[in-house]
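Chains as they are written, first to last, in my numbering: chain A, 1 to 134; chain B, 135 to 268; chain C, 269 to 402; chain D, 403 to 536.
One or more of the hints may lead you astray.
Said to hold, decoys possible - Here are the simulated DSS-like cross-link-like pairs (lysine-lysine), alpha carbons at most 27 Å apart as the crow flies:
1) D:Lys526 x B:Lys247
2) A:Lys89 x C:Lys392
3) A:Lys113 x A:Lys124
4) C:Lys357 x C:Lys392
5) A:Lys113 x A:Lys89
6) D:Lys515 x D:Lys491
7) C:Lys357 x A:Lys89
8) B:Lys223 x D:Lys491
9) C:Lys381 x C:Lys357
10) B:Lys247 x B:Lys258
11) A:Lys89 x A:Lys124
12) C:Lys392 x C:Lys381
13) D:Lys526 x D:Lys515
14) B:Lys258 x B:Lys223
15) D:Lys491 x D:Lys526
16) A:Lys124 x C:Lys357
17) B:Lys258 x D:Lys491
18) B:Lys223 x B:Lys247
Derived from the structure by calculation, the hints contain no laboratory data.
There are 4 protein chains.
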Amino acid sequence: MTTTAMITSHPNPTTDLNVDLLAEAIDAAAACATTCTACADACLAEESVAELRDCIRTDLDCADVCAATATVLSRRTGSNLGTVTELLKACVKACSVCADDCEDHAEMHEHCKVCAQACRRCEKACTELLRAIG
Amino acid sequence: MTTTAMITSHPNPTTDLNVDLLAEAIDAAAACATTCTACADACLAEESVAELRDCIRTDLDCADVCAATATVLSRRTGSNLGTVTELLKACVKACSVCADDCEDHAEMHEHCKVCAQACRRCEKACTELLRAIG
Amino acid sequence: MTTTAMITSHPNPTTDLNVDLLAEAIDAAAACATTCTACADACLAEESVAELRDCIRTDLDCADVCAATATVLSRRTGSNLGTVTELLKACVKACSVCADDCEDHAEMHEHCKVCAQACRRCEKACTELLRAIG
Amino acid sequence: MTTTAMITSHPNPTTDLNVDLLAEAIDAAAACATTCTACADACLAEESVAELRDCIRTDLDCADVCAATATVLSRRTGSNLGTVTELLKACVKACSVCADDCEDHAEMHEHCKVCAQACRRCEKACTELLRAIG
Numbered sequence: 001m002t003t004t005a006m007i008t009s010h011p012n013p014t015t016d017l018n019v020d021l022l023a024e025a026i027d028a029a030a031a032c033a034t035t036c037t038a039c040a041d042a043c044l045a046e047e048s049v050a051e052l053r054d055c056i057r058t059d060l061d062c063a064d065v066c067a068a069t070a071t072v073l074s075r076r077t078g079s080n081l082g083t084v085t086e087l088l089k090a091c092v093k094a095c096s097v098c099a100d101d102c103e104d105h106a107e108m109h110e111h112c113k114v115c116a117q118a119c120r121r122c123e124k125a126c127t128e129l130l131r132a133i134g
Numbered sequence: 135m136t137t138t139a140m141i142t143s144h145p146n147p148t149t150d151l152n153v154d155l156l157a158e159a160i161d162a163a164a165a166c167a168t169t170c171t172a173c174a175d176a177c178l179a180e181e182s183v184a185e186l187r188d189c190i191r192t193d194l195d196c197a198d199v200c201a202a203t204a205t206v207l208s209r210r211t212g213s214n215l216g217t218v219t220e221l222l223k224a225c226v227k228a229c230s231v232c233a234d235d236c237e238d239h240a241e242m243h244e245h246c247k248v249c250a251q252a253c254r255r256c257e258k259a260c261t262e263l264l265r266a267i268g
Numbered sequence: 269m270t271t272t273a274m275i276t277s278h279p280n281p282t283t284d285l286n287v288d289l290l291a292e293a294i295d296a297a298a299a300c301a302t303t304c305t306a307c308a309d310a311c312l313a314e315e316s317v318a319e320l321r322d323c324i325r326t327d328l329d330c331a332d333v334c335a336a337t338a339t340v341l342s343r344r345t346g347s348n349l350g351t352v353t354e355l356l357k358a359c360v361k362a363c364s365v366c367a368d369d370c371e372d373h374a375e376m377h378e379h380c381k382v383c384a385q386a387c388r389r390c391e392k393a394c395t396e397l398l399r400a401i402g
Numbered sequence: 403m404t405t406t407a408m409i410t411s412h413p414n415p416t417t418d419l420n421v422d423l424l425a426e427a428i429d430a431a432a433a434c435a436t437t438c439t440a441c442a443d444a445c446l447a448e449e450s451v452a453e454l455r456d457c458i459r460t461d462l463d464c465a466d467v468c469a470a471t472a473t474v475l476s477r478r479t480g481s482n483l484g485t486v487t488e489l490l491k492a493c494v495k496a497c498s499v500c501a502d503d504c505e506d507h508a509e510m511h512e513h514c515k516v517c518a519q520a521c522r523r524c525e526k527a528c529t530e531l532l533r534a535i536g
């Protein structure tokens, strides 16, 4: 709701991006960043940490890419659609890889299950925004 | 809800921080980071941008401090309470300054009004978490 | 020098990325992030801020993408080459767009001249790393 | 050198912060952020990862606080000295804690030795900048 309020109160009356798809992508990316950070830390505290190394790494990478994506998508002054498009592609990839990793441990670790869901939501939101950009 | 799920699924069964206060501080800081980024960009697109310079600067600083705070608070492996405490103090200060600036333009710019609310929420959440840490 | 020391002291003896190209890409991306942040702020303080809006926006986007790139490239546990590749492409794009914008004001504003150089260095380093990945 | 060039080319002719101390704090914080990220990842890849959990966590926290500090210090439009001061204190604390942790493993792990040096440099630079602010 706050995200939509910020988009619609922006002085630029029109946007090169659909408002609903944009708001969902911002919210999904911001939520995924925090969730991946928490999942990396929870994996680190597990007894089986040595087997979770790859998951921690893809969690941390996904958190960084999602945080950058949420931030860049929050800007609408001028237009930087080339950069937005490439970053969305990177975000889709980071989320897809991290979701695959987390789904492998979803039955064992609730935090990986929740994290995989956050990644899939963000992957979907960024894919749909990319499609709308054309 | 996701934030609480991540906290309660963490393998460390107890925490040196209250779960509800912690979840609210993480959510408030993450939301404030995104909102301040959007407000800085909306101010930049305003005709009166020259008069909004200070607001843009405090927005951007607040976004950076809030993003770091949300991320650090999302970790619960081991304990880094000294760093958490100092960072929470910095976040309270950044939010307080940014809210003051945004409230000055709240009647003129809806994005500053929404942003001031996000800052006050985060300022309150971090203050209460600090008090609980003692 | 510190970057190379960190790469060569990593327990993974081999890397899927060339050490010299990797170190240069990390250093160039980290330097570009800080420089773009400073350039956005210097543009904001210029009298002609209203004409520098697009430059500020591409500066800020470039800073975010470069910071994420420097961080992700600093990890070598396991392998996340798909994400690394897409992020490098996004970084090349963000740097190229920002350098174009800054070069337009390079004669007028020394900070834009220095920033354009930082962007071109990072664009080149990421392009060469991408080529080496194949 | 780039950092100093960006500070001196800023349209605000005077600064509330000493230029040399400011440039060193920005460079030290940016370098510490990247080094701590790399050290966390190197610790994660060590056979003894289970004993390095606390070090990984303080590395990651330090990276986040240092990155925010380098970014906020890079801005000089208007003044946000209250926030800068509190953030510098948080950065001194994060670096001090991380250096203590890394020094415990400095003889065993070269990456911890290099990281401890980066933390001590940043701790010193931020302490001196704080003292100059008064």
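Broken hints, numbered, in rising order? The structure conflicts with hint 1 only, although it agrees with all the remaining ones.
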